[in-house]
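**Q** Construct the entire structure; sequences and hints are all you get.
Residue numbers (the numbering used here), protein chains in the order written: chain A, 287 to 573; chain B, 287 to 573; chain C, 287 to 573; chain D, 287 to 573.
Worth double-checking, as some hints may not be accurate.
You can't tell identical chains apart in this list, so a pair holds if it fits in one copy or across any two.
Stated by the list, open to error - Under the rule of at most 20 angstroms between Cα atoms (straight-line distance), these lysine to aspartate or glutamate pairs were calculated in the EDC-like manner: (1) Lys561 <-> Asp401; (2) Lys453 <-> Asp501; (3) Lys288 <-> Asp558; (4) Lys551 <-> Glu322; (5) Lys378 <-> Asp359; (6) Lys288 <-> Asp562; (7) Lys551 <-> Asp401; (8) Lys549 <-> Asp498; (9) Lys551 <-> Asp330; (10) Lys288 <-> Asp425; (11) Lys551 <-> Asp566; (12) Lys561 <-> Glu573; (13) Lys378 <-> Asp312.
Worth flagging that the hints you see were computed from the coordinates, not collected in a lab.
Number of protein chains: 4
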Amino acid sequence: SKYAYVRNFELPDPLLPGTFLIFRLDGHSFHRFSTEHQFTKPNDVQALMLMDHAARDVMEEYKDIVLAFGESDEYSFLLRKSTSLYNRRESKICSTLTSYFTSCYVFHWREYFPDVPLLYPPSFDGRIVVYPSSREIRDYFSWRQADTHINNLYNTIFWALVQQGGKTTTDAHAALRGTVSSQKHEMLFKSFGVNYNEIDARFRKGSILVRDIEDEPTPPELPEPTPASSTAGNQSHSEPTSAAETSQKSLKQKKNKAQTKAKTKINLLHCDIIKDEFWDARPHLLE
Amino acid sequence: SKYAYVRNFELPDPLLPGTFLIFRLDGHSFHRFSTEHQFTKPNDVQALMLMDHAARDVMEEYKDIVLAFGESDEYSFLLRKSTSLYNRRESKICSTLTSYFTSCYVFHWREYFPDVPLLYPPSFDGRIVVYPSSREIRDYFSWRQADTHINNLYNTIFWALVQQGGKTTTDAHAALRGTVSSQKHEMLFKSFGVNYNEIDARFRKGSILVRDIEDEPTPPELPEPTPASSTAGNQSHSEPTSAAETSQKSLKQKKNKAQTKAKTKINLLHCDIIKDEFWDARPHLLE
Amino acid sequence: SKYAYVRNFELPDPLLPGTFLIFRLDGHSFHRFSTEHQFTKPNDVQALMLMDHAARDVMEEYKDIVLAFGESDEYSFLLRKSTSLYNRRESKICSTLTSYFTSCYVFHWREYFPDVPLLYPPSFDGRIVVYPSSREIRDYFSWRQADTHINNLYNTIFWALVQQGGKTTTDAHAALRGTVSSQKHEMLFKSFGVNYNEIDARFRKGSILVRDIEDEPTPPELPEPTPASSTAGNQSHSEPTSAAETSQKSLKQKKNKAQTKAKTKINLLHCDIIKDEFWDARPHLLE
Amino acid sequence: SKYAYVRNFELPDPLLPGTFLIFRLDGHSFHRFSTEHQFTKPNDVQALMLMDHAARDVMEEYKDIVLAFGESDEYSFLLRKSTSLYNRRESKICSTLTSYFTSCYVFHWREYFPDVPLLYPPSFDGRIVVYPSSREIRDYFSWRQADTHINNLYNTIFWALVQQGGKTTTDAHAALRGTVSSQKHEMLFKSFGVNYNEIDARFRKGSILVRDIEDEPTPPELPEPTPASSTAGNQSHSEPTSAAETSQKSLKQKKNKAQTKAKTKINLLHCDIIKDEFWDARPHLLE
Ligand SMILES: Nc1nc2c(ncn2[C@H]2C[C@H](O)[C@@H](COP(=O)(O)OP(=O)(O)OP(=O)(O)O)O2)c(=O)[nH]1
Ligand SMILES: Nc1nc2c(ncn2[C@H]2C[C@H](O)[C@@H](COP(=O)(O)OP(=O)(O)OP(=O)(O)O)O2)c(=O)[nH]1
Ligand SMILES: Nc1nc2c(ncn2[C@H]2C[C@H](O)[C@@H](COP(=O)(O)OP(=O)(O)OP(=O)(O)O)O2)c(=O)[nH]1
Ligand SMILES: Nc1nc2c(ncn2[C@H]2C[C@H](O)[C@@H](COP(=O)(O)OP(=O)(O)OP(=O)(O)O)O2)c(=O)[nH]1
Ligand SMILES: O=P(O)(O)OP(=O)(O)OP(=O)(O)O
Ligand SMILES: O=P(O)(O)OP(=O)(O)OP(=O)(O)O
Ligand SMILES: O=P(O)(O)OP(=O)(O)OP(=O)(O)O
Ligand SMILES: O=P(O)(O)OP(=O)(O)OP(=O)(O)O
Ligand SMILES: [Mg+2]
Ligand SMILES: [Mg+2]
Ligand SMILES: [Mg+2]
Ligand SMILES: [Mg+2]
Ligand SMILES: [Mg+2]
Ligand SMILES: [Mg+2]
Ligand SMILES: [Mg+2]
Ligand SMILES: [Mg+2]
Ligand SMILES: [Mg+2]
Ligand SMILES: [Mg+2]
Ligand SMILES: [Mg+2]
Ligand SMILES: [Mg+2]
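**A** Take a look at the structure:
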């Protein structure tokens, strides 16, 4: 129609090829949301498990996500640097992943909060950050896990002072002002008999969802264990740029399927991801 | 921490000031979603009303949206050109609005489909398009409504041929190939006794949600009818860029409140938005 | 070749359609350049005329530039909002215009400074700013001309104090601190007998280069007065996006040529461009 | 002034940190320029040396450029991945480098073409391409050098057929259609007695300008050999983002100066840069 020219105002937004993409989302006004839905303080294990569930759903749907890290009301996802998801269009990737995570969060709410009805629809913001090398990806995840540690240590002793110590929140903040890590550990132990390192690792380390390669090779004669619908879904997410690429790609995919298509499994961990061990065991994450 | 440098890779993405913003979202793979949830063909009034509900929720939450138009699995929203929502950051606006709409869609599902449980979490993609002038905004909405008309006329006669006429879908497509608008009207009337213009306006015109200014001025002595929480929410969405701007703005806001703060109401219409009448009656939409 | 994939890293950078483009350039380190080439203080008429010459050359070459404003070591150019110069690719437009201006500046140097050899190659930075409406364009040029006025008034009295008044530069700054416009006019008149308004308009108002439409219509039977080479050059700058557009465009161009192609002329003025008069006489500038 | 708000329309354009930047420029309409200035065909050694001179000037001025490659009317420059030139602002870098190169080209014209006056001002377009890793940088330069080889082999035999063989250009093209590399070598040798590998390496390999580290360490007691003005110029190009960074940086710079500041020298080569040897000898280029 004569109005279709308005489409020309949609500008292209491709992300730089050959780079790692981090997609991070964060709950919108979850200070209020956690209060109104009476989340346990400082950590609500059900709320965190719901986040983990939604994140896992996202990874099941988007196979180019190889790793995710969650804490509090946020989750970060790493897309392989070779991903061609939605032709690497920024808005498309960012909006769709945010939407799907949100949808899963609401969809699964009742499984984690059977007795707390959702009072209003929660939402999340999302963003894509582009990183050129594996060094920055390592540091990105270290940044988030270090943040988890700092926040959790503070919040744990803070709420102990308030809930068990009977302090006002103002007094609790005052008591913690200027204390270093070791002093917080000590306060926690001396005043409340709590050994910080024995607290639930989910709270101390956050949640790691990692797409691990299964050991046993896929026997070529057996049908693929992934259901047809999900394979179809996956393919629809990666749009090749040209017919030439398409055919080249399908050939490669067929070849891969026949020979090497490794079975993968998404594992949930609450381990250290700052040190080398986690990464050394999974070189494919940064390839 | 020594890892915080990774934040520097988050690049600014401000949208050009002084321009109209259109935010459009569209259901992801709703061909499959509508099939699996047995949407009535060609139009499922419950599905469309759910879309309208979610869109209205978005407008209630984001006061800078003055108009929205919905059809099929998509909705477009117009943000005033002076909006400073999230400092006009593209990803923040786009991801948050997409997320909130999605959340509302899932949240209200049961009200519209009490007997159809959600089989899996639906999702939407979102995008922002920037338009410099009111001419393009008029044409944008004309583009979407003309699209609604063309699709609906086609789909109406197509499904009549299939459902009532007993044709296969292949035959129905063949029967329609090359027909112009007037011929389709005629086929519909002659073969099925249906006067196209008497079909539900929601299907023919799509859904218009417009923030209209209420006639009666707000009596200054009465408290604002908007609940405090929602006002707070609204303010938190517009972040002023500087302290200077802030104070200037608060002054202006106070002044506005006292004198002129017009009461607005979101109305749902299914009328023509291509001709001038709709717009002439609402000059504030394009200011 | 197998290396050609590196081209895929060149990302598209189209500027929003339907918007006015301002291209501004500014001399790189012209504080040093003006000193080393002994520019007259505060204004060197030869240096300014060289800037005007280079700017006029740019306008002769790029027909979509309808207006330019110069002061000091900078020049701003307005491109019509319908321009399709280099398909509105930002880097291409910005780098090419900066390059051509620079080239003209060096090329014509000897005509303006026959006795001052260029000691080293001067350079300029360039940038494109996108404006949605004519209001901002008016304000943009007002911003530059107001800047010219403020700087020139200050510099005129400052250098009078130093050169004729025998003050040190420190003392001259001190003498001017806190003075308002009227006081500066008075100091200039009382101490040096200079009526500011009689100073060269080039210094007070800056340089305006405007593409004016000539009155007499082009007689259709005569050949176009523009040389073939320059027409060719111009066409090569606007690349249509598609074959469809091309043919539509050529038709339109032919039609224009036969009927209405107005003769234009680039005029140099040193007049007010803040008030309406200049613009009211030239409605085509903002169309 | 009340007009200054127009500055807010200048949007930020930082390039991704931690990435290699390639700046490439290319002569605007050099088909015409080379014809009108009677460049020798297929290669004009004076024209190429002028390009090399301008490129060297750019590298002298912008110390973060470590490598450049030139052929025909184009030059590519590699900026170190840690560069903070103009805070990595894309337009600023791209326009300024293009401008300076252009200026040097015109400035030095007479040295290379003493008998050919410049008929009109030449210009160049410029662009920045961002690359995440050293692999792509290697491939980028291989891409340009392979292009040089292919073009030069073709042009050499083509112009031999025309100039010495008396063929029309149409016939020459026809004679070459479908020939592979080895056949071209043979034609050149058999028909014209020319051994392609003995042709000037500048034509076969292009021009490489590389910033090499000099062997002897700078004796700390001697003053830096770089002239003060150029050092100042260099510093002014890198703008630190914050005060904190500044002080950290100056400390580091001082430390570097005292201890390790290596003397560098820009060398012009016409060697292979596709194989490893060139790069293995200069690991600093890709750091
Ligand atoms: N009680 C409780 N609160 C939580 C839990 N996880 C997150 N929250 C709350 C605590 C924080 O107020 C909030 C997360 O902080 P944010 O910085 O993301 O703030 P918020 O979401 O309010 O604002 P935003 O829209 O992200 O700027 O969510 C939890 O497990 N238990
Ligand atoms: N039966 C039925 N289907 C509907 C209704 N509204 C939308 N749909 C379906 C019809 C189309 O297949 C689909 C919308 O078309 P789209 O072009 O958005 O395709 P789809 O969402 O499948 O793919 P996409 O992910 O947007 O590229 O949704 C409805 O009211 N009734
Ligand atoms: N004496 C003299 N100096 C002039 C004239 N026009 C411009 N200049 C000098 C005065 C200023 O120092 C300089 C222009 O100011 P800018 O703010 O552009 O500074 P500059 O070019 O040094 O630095 P930049 O690279 O633009 O950041 O050029 C003139 O007509 N006479
Ligand atoms: N005779 C001669 N011509 C040369 C030499 N170096 C470059 N040229 C000419 C040959 C080509 O026509 C032209 C470079 O090709 P380009 O693809 O850059 O085309 P051109 O600059 O005409 O158009 P453009 O504005 O870059 O799209 O410059 C030379 O050494 N001798
Ligand atoms: O923790 P983040 O990244 O969400 O940081 P923020 O301070 O909330 O800022 P933003 O407005 O980018 O969400
Ligand atoms: O109707 P749209 O804008 O969604 O058009 P599309 O053909 O679906 O394309 P896109 O990949 O931009 O959603
Ligand atoms: O006057 P401008 O726009 O050049 O302003 P500036 O302060 O020189 O800043 P920039 O680094 O953008 O040239
Ligand atoms: O060789 P390039 O990169 O200049 O390629 P081009 O075909 O001239 O295209 P462009 O319009 O990007 O200069
Ligand atoms: Mg945030
Ligand atoms: Mg949050
Ligand atoms: Mg958070
Ligand atoms: Mg779509
Ligand atoms: Mg859809
Ligand atoms: Mg749709
Ligand atoms: Mg500047
Ligand atoms: Mg300057
Ligand atoms: Mg200046
Ligand atoms: Mg080119
Ligand atoms: Mg060229
Ligand atoms: Mg070229």
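**Q** Evaluate each hint against the coordinates.
**A** Results for each hint:
no.	hint	result
1	Lys561 <-> Asp401	neither (40 angstroms within a copy, 51 angstroms between copies)
2	Lys453 <-> Asp501	neither (52 angstroms within a copy, 53 angstroms between copies)
3	Lys288 <-> Asp558	between (58 angstroms within a copy, 17 angstroms between copies)
4	Lys551 <-> Glu322	neither (36 angstroms within a copy, 27 angstroms between copies)
5	Lys378 <-> Asp359	between (22 angstroms within a copy, 16 angstroms between copies)
6	Lys288 <-> Asp562	between (59 angstroms within a copy, 17 angstroms between copies)
7	Lys551 <-> Asp401	neither (32 angstroms within a copy, 35 angstroms between copies)
8	Lys549 <-> Asp498	within (9 angstroms within a copy, 49 angstroms between copies)
9	Lys551 <-> Asp330	neither (26 angstroms within a copy, 38 angstroms between copies)
10	Lys288 <-> Asp425	between (51 angstroms within a copy, 9 angstroms between copies)
11	Lys551 <-> Asp566	within (18 angstroms within a copy, 41 angstroms between copies)
12	Lys561 <-> Glu573	within (18 angstroms within a copy, 24 angstroms between copies)
13	Lys378 <-> Asp312	both (18 angstroms within a copy, 11 angstroms between copies)
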